[in-house]
Amino acid sequence: MGIYRYTIRRLLQAIPVMLGVITITFFLANAIPGDPVQILLGPSPSQSEIAAIRARYGLNQPLWQRYINYVLGVLQGDLGRSIFYGERVTAKIAERMGPTLLLMSSSYAFAILTAIPLGVISAKRRNKPTDHASRLVSLVGVSTPSFWIGLMFILVFSFHLQVLPSTNLVMPWANPTEIRSAATRLDVLVMSARHLVMPMVSLGTLQMAALTRIERSSMLEVLSEEYVQLARAYGVTESTILRKHAFRNAQLPIITILGLQLTSLIGGAVLIETVFQINGMGKLIVNSIFRQDYPLIMGTTIVFGVVFVVGVIVTDLSYAYIDPRVTYDEVD
Amino acid sequence: MTDPILEVRDLQTHFFTADGVVRAVDGVSFEVYEEEIVGIVGESGAGKSVAAASIMRLVEDPGEVVGGEVSFKGEPIVEFEETEAGTRRPTDAMLSNREMRERIRGREIAIIFQDPMESLNPVFTVGGQLREFIEINRDVGESEAREIAVEMLREVGIPEPRERLDDYPHQFSGGMRQRVLIAMALSCEPSLIIADEPTTALDVTVEGQILEQVADLQEKYGTSFIWVTHDLGVVAEICDRVNVMYLGQMAEQAAVDALFHDTRHPYTDALLDSLPRPDRTVEELRPIAGVMPEAINPPSGCRFHTRCPDAREVCRQVNPDARDVSESDERPHRAACLKHEDVFHEDYWSSPPIDNETDSGFAVGRTDAGGSGDE
Ligand SMILES: Nc1ncnc2c1ncn2[C@@H]1O[C@H](COP(=O)(O)OP(=O)(O)OP(=O)(O)O)[C@@H](O)[C@H]1O
Ligand code: SF4
Ligand SMILES: [Mg+2]
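Protein chains in written order, with the working numbering: chain A, 1 to 332; chain B, 1 to 375.
Bound-form chain A, shown alone:
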């Protein structure tokens, strides 16, 4: 089976999963005590105002009716309007998606680019000081909450040393003319990088730590394989063995974990966006829950669900790419 057919089949298989996600979130969101209209209109709104808003968002209909309407809407690509903002949910999400994707992908990049060398070195110098140091780093990393790391970073680098900004993330693709003190594209990029570094490291540390440990054990396992011993027996140098004969095989578990870690990355993004006041999806989802903005809660959840599903499919595809034993027909 070709890669396209496989991908399409996987996407189709994801539909019932997404339907489940929509159903659960819909009823959970509506189970939150309180009333979005009251939150929107403030302490003493008039009865007619309330009725108008309710009618406008269909809140006067029974729950099951609203559920069916919602699902039908989603099938046509309509996620409804935000009660709080009054805008279309899709527009709001499009606006907030950029910062979150930037944060998540840079954290992933940070985690991968640090964890893989650390893990490989750790495996190569097993039980030597470098190995112990890297294992200590990953142990601390795994057991430290990301928001705490973020707060400590702000305390040290923003308040005391005053070298890094803690708020107002600048997007690298922002228009230079719209940003004060930035004249050129390069200025924008530098500003963006300075803003991004603390949230990126805070969010990526957990992934980095977990990946380092997996990379280490995975490398150790592959290095004890008979085909590695065979390469040695044919005079291949240790560095070639590490780079070529062992490395590729050792990345298989890493890919699996990367796919699964998307959930914790999404969860972490919610916290980190709050700590660094980044106007991304994470903050949007938290605020919409506080405001009981049902359409927005639903919309953000669905988008995260899709991100996760796509992530898992990409994982499987890269698995088949690395390991010739995995073919698209076998994966079910």
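Treat the hints with caution; some may be incorrect.
[As the list claims (entries may be wrong)] Derived EDC-like pairs (lysine to aspartate or glutamate); straight-line CA-CA distance at most 16 Å: (1) K124/A <-> D269/B; (2) K339/B <-> D257/B; (3) K128/A <-> D61/B.
[Claimed, not checked] Among chain B residues calculated to face chain A with C-beta under 8 Å, some are: (4) S49; (5) A110; (6) Y168.
No lab work stands behind these hints, which were simulated from the structure alone.
Ideal Cβ placement from N, Cα and C applies to all residues, glycine included.
For this one, chain A is given, so just place chain B with the ligands on it according to the hints.
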């Protein structure tokens, strides 16, 4: 006869584990001459693979070659000297790791491992792996290495070798993979190939075909082989000389004919008795009594005395080394058994016998063989 190409003297390789020192190879000597196939036979755990790894200097942690000598074409692969403090250290002349890698491994001595399923890297094509090793060890470029690979795959009996170069290991059967590994070893044109039970994982028909092919190729290329196996049948088929190993030491070393027809060690006798042969019924098969003891705390004296039907008191005290016991002086026939009193000068025959018959393992072995019914 010329000088041997490989000489192993009193080789000792130990594993330093949490439970204690495993004496996997504990004073083993043998040699390999040009253009011959030398067998190393022994039960599982006898130390055959560890001995093979020691010759390549590929023993992995926590194992270490701790004593003895290995010399290959006069070059010291393993060589120790005494320090003033009375400890051993490798000599300066001993080949460095770099020299081992660049001059010996693959180029002079190649190895074929036991499990064809685990020996090839699953993520690279068979052709790619062959080519890489040929390029390293034959100093040829990519396209020439490819041609050598195709040629050699054809020699070992892989149909349509050129088309199969781009296939991955999982697309080959076990027998075909083992042929690939044999081709890999031969194509580097080493002087010596160590084959560590290469046909054990295969079915008998395939094993037979491969053995025949190897014997032909050995003649054609004049390569020497160390053929590690636990199967005396295989030894009879392809070996010129054979070394019988027991618990890290040599029991008997002789030309194949002499070993089979003029056996000088009770362990070899026991191995031969356990071998299925067309002139014997199943009832006459006698599995070797008991199990081989652990190499971590080997028995005192002769290591075989706990299972030897001929064991006597003196065998508990004296551990015999393998000495020449041949009567005619054409080729040495070594055995490590005190029964050869004229060579070992211990009072074996006057020493009281140890009754191994009451040993449970032995009794079970006999009852099983005899009790299977004779209608
Ligand atoms: N890495 C290791 N750590 C500890 N002990 C080991 C290690 N490798 C081998 N040994 C021990 O060395 C002894 C000899 O093992 P070896 O693999 O050489 O046996 P073998 O004769 O090749 O047996 P088989 O026919 O099963 O391959 C065994 O007692 C084994 O337990
Ligand atoms: S020395 Fe004794 S125990 Fe050892 S093989 Fe000979 S007879 Fe048996
Ligand atoms: Mg073995």
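So which hints don't hold here, by number, going up? Structure breaks hints 1, 2, 4.
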